[in-house]
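Whole structure, please, built from the sequences with the hints as guidance.
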Amino acid sequence: MSEVMIDVQNLKKYFPTSNKEKPVKAVDDITFQIFKGETLGVVGESGCGKSTTGRLVLNLIEPTEGTVSFKGQELTHLKRKAMRAMRGEMQIIFQDPYASLDPRKTVFQILAEPYQIHHPEMGRDEIYANVTRLIDCVGLRPEHIYRYPHEFSGGQRQRVGIARAIALNPEFVVCDEPVSALDVSIQAQVINLMQDIKKEFNLTYMFISHDLRIIKHFCDRVMVMYLGNIVEMGTKKAIYEKRRHPYTKALLSAIPNIKSEDHSKRILLTGDIPSPVNPPSGCPFHPRCSYCMDICKKEKPCLRTMADGTQVACHLEMD
Amino acid sequence: MENTKKRFKRRQSLFKTDAWKRFKKNKLALLGTAVILIMILAAIFAPVLAQNDPYISLQEGSTILKNMSPSESGTILGTDSIGRDVFSRLVYAARVSMSVGLVAVGISTVIGIVLGSISGYFGGVADMVIMRCVDVVNCFPVMFLIIIVATILEPSIYNIMVIIGLCNWTGTARLVRGEILRVREMEYVQAAVSLGASDFRIIFSHVIPNVMAPIIVEATMQMARAIMTEASLSYLGCGVQLPTASWGNMLNEANNLATLTSRPWQWLPAGACIFLAVLSINFIGDGLRDALDAKQKK
Chain A
19 MSEVMIDVQN
29 LKKYFPTSNK
39 EKPVKAVDDI
49 TFQIFKGETL
59 GVVGESGCGK
69 STTGRLVLNL
79 IEPTEGTVSF
89 KGQELTHLKR
99 KAMRAMRGEM
109 QIIFQDPYAS
119 LDPRKTVFQI
129 LAEPYQIHHP
139 EMGRDEIYAN
149 VTRLIDCVGL
159 RPEHIYRYPH
169 EFSGGQRQRV
179 GIARAIALNP
189 EFVVCDEPVS
199 ALDVSIQAQV
209 INLMQDIKKE
219 FNLTYMFISH
229 DLRIIKHFCD
239 RVMVMYLGNI
249 VEMGTKKAIY
259 EKRRHPYTKA
269 LLSAIPNIKS
279 EDHSKRILLT
289 GDIPSPVNPP
299 SGCPFHPRCS
309 YCMDICKKEK
319 PCLRTMADGT
329 QVACHLEMD
Chain B
246 MENTKKRFKR
256 RQSLFKTDAW
266 KRFKKNKLAL
276 LGTAVILIMI
286 LAAIFAPVLA
296 QNDPYISLQE
306 GSTILKNMSP
316 SESGTILGTD
326 SIGRDVFSRL
336 VYAARVSMSV
346 GLVAVGISTV
356 IGIVLGSISG
366 YFGGVADMVI
376 MRCVDVVNCF
386 PVMFLIIIVA
396 TILEPSIYNI
406 MVIIGLCNWT
416 GTARLVRGEI
426 LRVREMEYVQ
436 AAVSLGASDF
446 RIIFSHVIPN
456 VMAPIIVEAT
466 MQMARAIMTE
476 ASLSYLGCGV
486 QLPTASWGNM
496 LNEANNLATL
506 TSRPWQWLPA
516 GACIFLAVLS
526 INFIGDGLRD
536 ALDAKQKK
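Each protein sequence line maps, in turn, to chains A and B.
Per the numbering used here, the very first residue in the first sequence carries number 19; after that it's consecutive.
Per the numbering used here, the very first residue in the second sequence carries number 246; after that it's consecutive.
Worth flagging that the hints you see were computed from the coordinates, not collected in a lab.
Treat each hint with caution, since some may be false.
Computed cross-link-like contacts, SDA-like style, restricted to lysine to any residue with a CA-CA straight-line distance of at most 25 angstroms [stated by the list, open to error]:
| no. | chain 1 | residue 1 | chain 2 | residue 2 |
| --- | --- | --- | --- | --- |
| 1 | A | K255 | A | L270 |
| 2 | A | K99 | B | F449 |
| 3 | A | K260 | A | E56 |
| 4 | A | K234 | A | F53 |
| 5 | A | K97 | B | A371 |
| 6 | B | K266 | A | K260 |
| 7 | A | K123 | B | M431 |
| 8 | A | K97 | B | P459 |
| 9 | B | K266 | B | E432 |
| 10 | A | K123 | B | E432 |
| 11 | A | K97 | B | D372 |
| 12 | A | K123 | B | S450 |
| 13 | B | K266 | B | V523 |
| 14 | A | K97 | B | V523 |
| 15 | A | K216 | B | P459 |
| 16 | A | K38 | B | F445 |
| 17 | A | K97 | B | Y366 |
| 18 | A | K40 | A | E83 |
Derived, one-sided and incomplete: chain B residues facing chain A with beta-carbon distance under 8 angstroms [as the list claims (entries may be wrong)]:
| no. | residue |
| --- | --- |
| 19 | D380 |
| 20 | V382 |
| 21 | Q435 |
| 22 | A436 |
| 23 | S439 |
| 24 | L440 |
| 25 | F449 |
| 26 | I453 |
| 27 | P454 |
| 28 | N455 |
| 29 | P459 |
For glycine and all other residues, C-beta sits at the position ideal for the given N, C-alpha and C.
In structure tokens form, the structure reads like this:
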């Protein structure tokens, strides 16, 4: 693999609750890297800490413990001003295109803002030229720039959100469920747009989603999260074909398939995801795991590296 | 570039008409606006409208025309107990009431926005301190406080404006704080943070414009309250001092039973003006609340 772009070490994020002894462990000690030019997919159920991880990586929220480095520069201890200057290089695309655009600003004002912040020397003409270039990039028409967000459809709004994220030529973009609020027919368009933009701008993506088919289509490597922990991480091929971790198995068997008549292969998980306030002892997945052994209840498994480079956190014997 | 600027203007004014269209549908609000406009115009053109000087008693030969009814004195609303033209005083009093309302609300809204924003956006200790100040100011028996301060500082129209302004910012501060707590969690604010915008930029460019509508509504309602407060103070004699006319101190004339029962022209118009002004402003406030809510689209 090439150069490391994002290096996350032992990252934890606990949100305080009314009971000080028991915080919500949204992200509980995760370590991973994102390499330059790749797309890392992050999957997991709702509430497993995917979005929190995305925001932690961008330092939009302060971690409780651990560090995040961007191109070798540690972000967690950076001064506010230095951090603000860095933000141009790392951007985020939000889930809900209805909430992520300021309703009182025109598309022009929304897209001009990144330039006003990072390039105060730019005149109106130059900003105008940049905004029209962006608008063209994401497949909107020039006359759209003086409209307000409420005059657009969801897909068009998400295009504006993407345009804002790439305005400053960032190297790294976190996509926080960018298509899950859109119609299925629009999802494909937006996904294709994001793929084109990735090529054009040479981007590195961290792609958060709960849609396994989109992850399969879009990502190079996949990270499976469960209850604030990484349970398995590896190349797309290894994850989708080998399905080592029992949770990954269950998750992937839930992908609807028209061809297969056989529903018996589907693994149904019983019970709910445990509360992150009070996670189970040992392996966080053990109460729902059909392979549960005694050791799973006592000891939390560490990530083990397999022969093909896949990392799995499980006590089961596997190759 | 000229062309694009023009287009930009056109879209903006179109957006404003949307709010105006919604406002227009509310007939009471329109009526209120008309009444307030008339009052403001009357206040501005007071010297033209008033036939007589509001501070000089009317005389016929050497007799002062005291307590004359409209028909007896030949003026529109008769004369008061020392012979001054009631209509002239009423028009001049509109100047006092309107300016007290505007200036007091201006002061309280600015204080409220600044303190409310700090409190809501930064939270923590600043929030604690400011909100406790709000609680403390809310505990003041405002009327009593104003009376005392006005008495110590020698009552004048300027003191009244400042005191009312300084006592009424708590509502706005609370409102702004609550709205900012709501808006700062919105994804578009998060987006601005991730673009590297400064706190100042986020507050003034994203947060305040999105909480402006309730602030305007609150300011309108407060203006009605400020006019009421000024009228009450002047009625009690701690507000605007004679001979300067204010609707409140004109009502003071009705302190005497003979006036109250047999000379209604001396106090009824002032009372009606206060009533109409406050009611109209409240109607405008209601209308604005409905019109400025961008989500309520037809």
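Inset, instruction - Verify the proposed pairing of K97/A with Y366/B, using a straight-line Cα cut of 25 angstroms. - result: Holds. K97/A to Y366/B sits at ~20 angstroms (cutoff 25 angstroms).
Inset, instruction - Go through the hint on N455/B and say holds or violated, using the shortest Cβ distance to chain A against 8 angstroms. - result: At 6 angstroms from the nearest chain A Cβ, N455/B passes the 8 angstroms test, so the hint holds.
Inset, instruction - Quickly compare the C-alpha distance for K97/A and V523/B to 25 angstroms and report which way the hint goes. - result: violated (52 angstroms)
Inset, instruction - For the pair supplied as a hint, K216/A and P459/B, confirm whether the alpha-carbon distance does not exceed 25 angstroms. - result: Violated - the C-alpha atoms of P459/B and K216/A are around 42 angstroms apart, more than 25 angstroms.
Legend entry - Minimum beta-carbon distance criterion (8 angstroms), Q435/B to chain A: holds (7 angstroms)
Inset, instruction - Quickly compare the C-alpha distance for K97/A and A371/B to 25 angstroms and report which way the hint goes. - result: Within the cut-off at roughly 21 angstroms; holds.
Legend entry - Hint check: 8 angstroms Cβ-Cβ cutoff, F449/B to chain A: Interface hint status for F449/B: violated (12 angstroms vs cutoff 8 angstroms).
Legend entry - P454/B as an interface hint toward chain A, with CB separation required under 8 angstroms: Given a least distance of 5 angstroms, the restraint on P454/B holds.
Legend entry - Proposed proximity, F53/A with K234/A (alpha carbon, max 25 angstroms): It holds: about 18 angstroms lies between the C-alpha atoms, which stays within 25 angstroms.
Legend entry - Proposed proximity, E56/A with K260/A (alpha carbon, max 25 angstroms): Holds - the C-alpha atoms of E56/A and K260/A are around 21 angstroms apart, at most 25 angstroms.
Inset, instruction - Given the hint that K123/A pairs with S450/B, test it: the Cα-Cα distance must not exceed 25 angstroms. - result: Roughly 9 angstroms between the alpha carbons, so the hint for K123/A and S450/B holds.
Legend entry - Straight-line alpha-carbon gap K266/B to E432/B, limit 25 angstroms: The hint is violated at about 30 angstroms.
Consistency with the previously given hints fails for numbers 6, 8, 9, 14, 15, 16, 19, 20, 25, 26, 29, ordered from lowest to highest.
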